[in-house]
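Put the complex together from the two separate chains, hints included.
One-letter residues, chain by chain:
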Amino acid sequence: MDGIPKFQILKDFSEEQVFLNIIGYLDAHTAPELELALKESMEKGKYNIVVDFEKLDYISSAGFGVFMEFIEEIRQKNGDIKMIAMNSKIRHLFNILGFDVLFEIYNDKNQLLGNN
Amino acid sequence: MLNTKEIISFFKQEINSFYFLIGVFLAKIIGDFLLISIWGNVGFEENLFWKLITTILVVFFGYLYINQKIQLKIFTFNADFDNTFVSNLKTLSMVYLISLILIFIIDEFKSYIEKANSPFLPLLQIFGWYYIIVSYYSVSLLFNWINSKKNKRTIAYFNYFKITFIVTVVYIFIAQLINFYFDISFLSDLCSLLYILLVIFLGIWSYILPYNKDWLSLFQRYDLKDLKMYLTSFVILSLVLFFSWVGENTTITYSMDLVYPEMGKLTLLPILAITFYGLRILLIMPKKSKTQQEIQQKVDSISTLTAFNKFILEENMLNRSQLLEYFMQSLRSVVNVDFAWVEDYEAKGDNRYKIFYKVNNNFLEQFNSIPNIGNIVNSIENVTIIASIRDIWAQIPKNMFKGSIAMIPIFERKHRVGTIFLGRKQSYSFATEEQQIMNTFAKNYEVALVNSILLQEALEKRRYQFEIQLAKGIQKKIIPQELPKIKNFSIAGISIPANELGGDYYDLIHLKNGEPTLLIADVSGKGVSAALYMSQLKGIIASISSNIQTPTQLLENLNSILYKHTERQIFITLSAITIANEKGLLKYVRAGHSPLIVKSQGIILEKAPKGIALGVANSNIFSNNLEEIEIQLCKGDLVFAYTDGLDELKNKDNNEYGTANIHKIISGTQVTKAQDLIDETLINIKSYMNGVRQFDDLTILTLLYNGDE
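Heads up: the sequence lines are chains A and B, in that order.
Numbers in the working numbering are just positions in the first sequence, counted from 1, shifted up by 1223.
Numbers in the working numbering are just positions in the second sequence, counted from 1, shifted up by 1195.
Just chain B, with the same shape it has in the complex (with noise of 0.2 Å):
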């Protein structure tokens, strides 16, 4: 046994309901075939009944197949009516003018078949299909249309047209059989008189229902003269149509009492309205072409949109479900709904629909049950009318809302935030202009955040900048702008940094014993980082040198302090040249510094004594591996220290300064005073760099023994 579902699916299949189409089409003209050869020129209603079974079958199979096939179905949302509103002006007009060469075609065919006394005239009917077909084609245009403008007028209208067609249905199909086969004419008499009626007020309300801004958007989307044009040639097509179709014993009524008495009537009904509802339309377009409240809606919306971008830029307001709220309600005052919500997705749980404007909790749990309504809502880029989604569409509850929703999607940074929901309770279409304007501000919202998170990046810059600047000027007060003077001895130094802050230290500082010590340190690392370990060195060696009796002991201590309080790949190299007398005797020591070049009687001698760099080894190791040696001056001799970022200092071809260049320029250079050393040295770099820009800080300190006076 066959289930329901079986039957179904059967027919769903296309070439199943083209088969059985054939069939019965078939079927019923052979039958009307034989009735008029078998027993004579049989009157219409001697076989109503197998007209009316064989024509309900062709009606039932041909609906499926053309439902299939052509998916064109009455009652179909198609937010689209605006863009394609001229291409179906232009099919249907074109359809028209078959319907109307036909009528020709039917009369040679007629005049021919009757003056032959052949018997196949029921052929004909084939012409009467034709313009079934044709009036359902128009019907579900036209619903289609209207039904994108839905409001109360459109429903109201489409009840009566439903009502129009359901007497036009029982006066043809009921009465007529009821009429002929009991005799009794009182029900027919009755639907005759009403169809009468009915007729003529559809008629009128065809006419009267286009009134409506809903329909203005029309003229803006076409060039008017063409619409103009399209339009005239329907209405002037169709108007032709209609009085041909109209009246007892046209052609077009002859060819479809051949499929069944009366079809004429009922296939009526679209032509007229269409007909009327086209005639309208094109009578209001061109002087309600642009209305004074198209272009307030305009401004209304760019004012809003203005209004909000402002306040995104002067709020500063980063806190989206603020955020989402203000732009929901800019939209609404634009776009005119019964009621809103926000879904935000960056909110936890329940805060997720915190925002809303008259819907209530049922609501949105009724809403949210829809099987797949998150998916579809996660997945639309665009603004979306769900009206539009049919799987959707389907699912919704009839006594749940009978509006629509448009659904506008919000990025931020091309990341998906939320969703802001827009309904009507009575329409569901929002008019091609209104989807502008929601694309529009969602579009607006994405670029005026981005915006406002640029600038508030640029004033953070600028923050940044200026306290990169304070840094700047306490950083040059921790190196010394002015080294103090020492008894025979000439000391100069300087430190460039690569960036604003540099990791790069020198200092002269005082022993316990009050023997001056020259400091020169480079921290690993640039910029702001090295900046900071930088100033800790110079805080703990201020706090600690007093104490310190020799330069080994100062070694020891820095290593020991920053090997417990600096992470372990942060390291320091540091040299310490201690002015033991003044007599030119230096004590020297090294943690991991690039070596100290002496100028000895005119021999460069490169000092590197044994030392880590301070903060990677334990105390012990440290200790064990450092070295401190004396040095001997003697009048006119030099001592030059420096970081790495002088030897590695690169030139356009990539090729280190190295230790040569310097050890050149000491040998070379006449000096009288420790900065004349450091002065020609700053020119022969900037020679060799010819624009290189430099890439790690660079310090120098120079010293010049006088000799003992």
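Okay, chain A solo, but in the shape it has when bound (with noise of 0.2 Å):
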């Protein structure tokens, strides 16, 4: 892993939805970084939230926490966290907690966009 950083995001303000492309491992050292993104973003007033996970390859239960830490906030300012492209073990992870009846997954940005 020598120079390549173990987490990043990748963050575009640029449309209505917020895109936030988590890269690598989502772990307790890492999630900071991802709630400072999602304050990032909801400062600047954008709640509607598109997380890309498609090149993701670990989230702990520190980063789902990070997802649970905003999501009510969000939701009461009208807004949503949407999660697509996951990886189809983290997809399980998802099942398993059961989250994914509290989020909208969707395999990729085709499909969500065809869902709006």
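Source of the hints: derived by calculation from the structure; they are not laboratory data.
Check the hints yourself; a few may be wrong.
[Claimed, not checked] A short, non-exhaustive set of chain B residues, derived as facing chain A with CB atoms under 10 Å:
| hint | residue |
| --- | --- |
| 1 | Gly1442 |
| 2 | Ala1653 |
| 3 | Tyr1659 |
| 4 | Ser1719 |
| 5 | Lys1759 |
| 6 | His1760 |
| 7 | Glu1762 |
| 8 | Arg1763 |
| 9 | Gln1764 |
| 10 | Arg1785 |
| 11 | Lys1805 |
| 12 | Leu1821 |
| 13 | Ile1824 |
| 14 | Asp1839 |
Being a predicted model, the structure only gives us computed values, none of them experimental.
Glycine residues also receive a C-beta, built at the ideal position from the N, C-alpha and C atoms.
Written out as structure tokens, the structure reads:
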């Protein structure tokens, strides 16, 4: 992993929906970065957030915790966190934890846009 | 019209003063030359006035130029006396040697010019000017040396030197003039007599002056042999020069007489003083090299330092102002000072200057009103003597104090926290040794403090470890060491935390109707926070379970309590397996927990009914998504519950253990009691991990149905 960051977020605030592309390992050490990104989005007044899981390799309970922390506030502002492109392992974890009923999860961007 | 400021700044420019110097110097030489060549061999006295005016002008511009160019100033403070002494001595010896060689050259020129009866005699005054500069160089060095040791004796010496200088000036430039033009010899005779007495006494005083321990520090700085050699050669040179200088008609005085009659009397003073000063230092050197006093001061400072370190460590006192005060007092007992105070930058407002010794507020106010003083104090990184900062020194009102202040910056972990000021009223020197002591103390302060902080941290860590051990003991009691026996079933469980404290939990409880219920749970996160939530979970379960009818109801209640009372990002996954009857019927609910693995008549099945982890969804959503299932076991059937610490175990290649491996063990193991399955699993994961550290808490719960007998 020399030189390659453990975790990265590519943020796109240009459209009405914020796109957060999360890459790598999301665990207790890297969760604060995601926290900051969500806060940043909320400070910009953007509550419609799409998190792209395509390049996420791992998510720990602390990673799930970040979404739980903000989802209620975001929904109160009529926003939402939607998730796309999870790999099968992470999708399985969502299912096991029962979080798939708490979040809208789409296979990819097209499915997401088609649904809107 | 030019104003005064403009004139001053004009002459302060190096190049301007140089042009003027050359200008007046040429004018003087040409004038002297013309006086001789036009009016014949005119005696010195015949053009005294011309010589007086031109000499004063040349001296004035020469002084300006030398000050700017060479920075050779009388009365500048130089704290570096000890370090620069030998190099200055070498330079001065060289200058004196040249002065002596010049004597022969002047003699040669003189006899040549006189033989040729040439009018170029005034040109010999160029050599006279050289000797004037030598004299000026000598006096500025001498004064700087003495100045760096300033005390009452040196101040009196300076005053005496000034008086001698003034009397000589009056004698040469005024009395002679009056005597010549008005033929009144009284003043001239009086000055002549005074001059002789003053010069004799100046010699004596210069000799006795360096008999003080201030000068002894020199001998520790240099190799004694070297120092002796340089000093001896210097003293010999200066003695020879002195005796070539003194007297009525020596070559040296002759060359200066061409500049101005009797000039040699004035320039002799510094040569005399520095010669006897050097002689004395040479003579006191061998026997005074290491006095008891010096050693005693070192011993004192070391024992004070030790006491200070002991104080910091034993008192465990991190009250900075007390520490700084104690530090100041320690330093004060080693370095003899008249007054001292501390600036404590961490303290608020007036408390900043709360610690002082023999200083009044008036003085501090005055001191702090010196322009730019705050910035300078903040910027110093080592012990600094205030007189060495020229800008500040010039700004201190002379009536404020005549001594000096040493400023000692105090750091804690590279962070500046204060300054200690040590002051002397009558002396603006601190010996190099004393400065070293201050520096050592300041560095020691930082180290001692860091040590004490580290010690405290170590103690706290030990205390923390102790408390963790306590908590571990408590946690062990939360997780049952032995599960109660249940008819027709064999049950076993194990929980291995990754760190001292874990967030996993398993238990066997009884619901209101007496149905035994196995619980397995995993609090999100790890370590102490997870352990705390785990204890909380245990408490909640213990308090509500006796009123609960079904496992579904248990989970719903747990969720609604945790949802209300825990932070949103914390969640708990939990499975509840209720043994509904003795005939192998189980009721199973799952709140986000890893699926239950069931081996039913040899077939491995994963049971994952719907269910959201506890603490994240409100009661409605939670209940609507919670599914309770029934599992009917047959004799020999196994149930295997685990936390994700098991299937997410990693080996050296970073591969997860996975559920497939679990399936393999369950299907491949001959089981007579539930513990067998756990033992087999532990052996298997140990060989899988092969030394890799366990990353997450790991819990396994196994259940074997022995059939209804």
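Evaluation of the provided hints:
Taking 10 Å as the C-beta cut-off, the interface hint given for glycine 1442 of chain B is violated, the closest approach to chain A being about 84 Å. Evaluation of the alanine 1653 of chain B hint against chain A yields a violated restraint, the C-beta minimum of about 26 Å exceeding 10 Å. With a cut of 10 Å, the hint placing tyrosine 1659 of chain B at the interface with chain A is violated, because the nearest CB-to-CB distance is about 20 Å. At its closest, the beta carbon of serine 1719 of chain B sits 3 Å from a beta carbon of chain A; the interface hint therefore holds under the 10 Å criterion.
Nearest Cβ of chain A to the Cβ of lysine 1759 of chain B: about 13 Å, over the 10 Å cut. The hint is violated. Contact between histidine 1760 of chain B and chain A, as hinted, is not supported at the beta carbon level, the nearest pair being about 15 Å apart and thus beyond 10 Å. With its C-beta approaching chain A no nearer than about 8 Å, glutamate 1762 of chain B sits inside the 10 Å limit, and its interface hint holds. The interface hint given for arginine 1763 of chain B holds, since its Cβ lies 5 Å from the closest Cβ of chain A, which is under the 10 Å cut-off.
The closest approach between the C-beta of glutamine 1764 of chain B and any C-beta of chain A is roughly 3 Å, which is under the 10 Å cut-off, so the hint is satisfied. Contact between arginine 1785 of chain B and chain A, as hinted, is supported at the beta carbon level, the nearest pair being about 8 Å apart and thus within 10 Å. The closest approach between the C-beta of lysine 1805 of chain B and any C-beta of chain A is roughly 7 Å, which is under the 10 Å cut-off, so the hint is satisfied. Proximity of leucine 1821 of chain B to chain A holds as hinted, the smallest CB-CB distance being about 9 Å (cut-off 10 Å).
Among the interface hints, the one on isoleucine 1824 of chain B is violated; its C-beta lies about 15 Å from the nearest C-beta in chain A, farther than the 10 Å criterion. At a threshold of 10 Å, the smallest CB-CB gap from aspartate 1839 of chain B to chain A is about 8 Å, leaving the interface hint in force.
The structure shown violates the earlier hints numbered 1, 2, 3, 5, 6 and 13.
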